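Chemist: Below, each chain spelled out in residue letters.
Number of protein chains: 2
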Amino acid sequence: MKIYDISMSISENMQVYKNKEEKKPVFSVTRDFKTGNSFETNIKMDMHTGTHIDAPLHMIRDGATIDKVRLDKFISKCKVLDFTNVEDCITKSNLEKKCIEENEFLLLKTRNSFKDCFDYNFVYLEKEAAQYLKEKKVKGVGIDALGIERNQKGHPTHKILLSSGIIIIEGLRLKNIEEGKYIIIALPLKFVGVEASPVRAILIKDM
Amino acid sequence: MKIYDISMSISENMQVYKNKEEKKPVFSVTRDFKTGNSFETNIKMDMHTGTHIDAPLHMIRDGATIDKVRLDKFISKCKVLDFTNVEDCITKSNLEKKCIEENEFLLLKTRNSFKDCFDYNFVYLEKEAAQYLKEKKVKGVGIDALGIERNQKGHPTHKILLSSGIIIIEGLRLKNIEEGKYIIIALPLKFVGVEASPVRAILIKDM
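Chains A and B are the protein sequences, given in the same order. Last residue of the first sequence? That's 207 in the numbering used here, and every number before it is there in order. Last residue of the second sequence? That's 207 in the numbering used here, and every number before it is there in order.
Some clues are possibly wrong.
Since the list gives no way to pick one copy over another, a pair counts as held whenever it fits inside one copy or between any two copies.
[Claimed, not checked] Below are the SDA-like pairs computed for lysine to any residue, each with C-alpha atoms no more than 20 Å apart in a straight line:
1. 153 / 37
2. 77 / 183
3. 79 / 132
4. 153 / 38
5. 139 / 26
I should point out that these hints are in silico values taken from the structure, not numbers from a laboratory. Being a predicted model, the structure only gives us computed values, none of them experimental.
Start from the sequences, fold in the hints, and give me the full structure.
Modeler: Structural data, given as structure tokens:
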């Protein structure tokens, strides 16, 4: 069994969406070996920190919260698609050139995976491409940017996917991953009543 | 494939260690559909909130941090052992009655799994029992209390396990799990430089 870690490291100097100060995680050491005999830390973080899953509530009023999404959505056969040559956004036409099967989790590898700082012009999934994936009945869509869309009024890509029960993972790191088939495991923490969760996302080959 | 969720829900009224106020997670909604067109939350939480993994640094000066532990520790064959009849602590003698194999992840099911409030007299793993598991070369040990030990001066159970590279999971929920063999998946978030992480822990049967 070969395990590939496709998660962002979570630290105070990591990239955050639009470099907003309030989105940076803050760690506090509450005990260490100078003051006691153990080491303990707490964290303040946004639910959309690093590699994370969006549940429907993120963009859909009264949508499902992260604790209500079935766990088998997060352990799935999966396909990584290489779009590293795409400049601006992934379109329906880009997707039509790939073999996409029903009930598959798709991960979109782009030039975003090669950037460690937030890129205001990150490659995203265009709304008609999202509609195409809805029609293909995929199980989930992951991308290697902190957002799955930008500059689309009303967030149509999010809404098309989330209203169809299609899970979104943002903030993947796919630089070292080749196009092909894998098993993905990306389980959210069991936060009650919220719209998202950071995850440790991995791919497995030859399970 | 049958998936069993063995994680605690994370909410503001969950049980925390010794009911300490500062250990309770705090959620803040930073945007909702009254003030914007999306829902966003952040959280302040202790790394030992709910179901979580302790890395060596928790009790060992200069011990490995959670991001340095190999990922194959967290995806493993695993055995649930039923100790629901134990009153005070799990001893070497209790363990000797069970079949324990090298490189196995052991989960200790006790009466703790049936309590939703913090129990100051929770069942724990006694230090000689920890030494026995070290000699058996298990991969990891999980328990259904927020601590793997109590009232043992110097935290010997933690130290014996963590100094041997044996992973500890605390805060499991095993009420509905029968003794037997499973696959466990319990991946920590990729926090850099800290001693622990909350996890979503699951068991899989018939993968």
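Chemist: Taking the hints in turn, state whether each one holds.
Modeler: Comparing the hints with the structure gives:
Taking the closest pair of Cα atoms, residue 153 and residue 37 come within 20 Å of each other only across two copies (11 Å); inside a single copy the shortest separation is 53 Å, beyond that limit. Taking the shortest Cα distances, residue 77 and residue 183 sit within 20 Å of each other both inside one copy (5 Å) and across copies (17 Å). Only within a single protomer do residue 79 and residue 132 lie at most 20 Å apart by alpha-carbon distance; the minimum there is 16 Å, versus 43 Å between protomers. Proximity of residue 153 and residue 38 under a CA criterion of 20 Å is satisfied inter-copy only: 13 Å between copies versus 49 Å inside one chain copy.
When the C-alpha separation of residue 139 and residue 26 is checked against a cutoff of 20 Å, the pair qualifies neither within a copy, at 33 Å, nor between copies, at 32 Å.
In this structure, only the earlier hint numbered 5 is contradicted, and the remaining ones agree with it.
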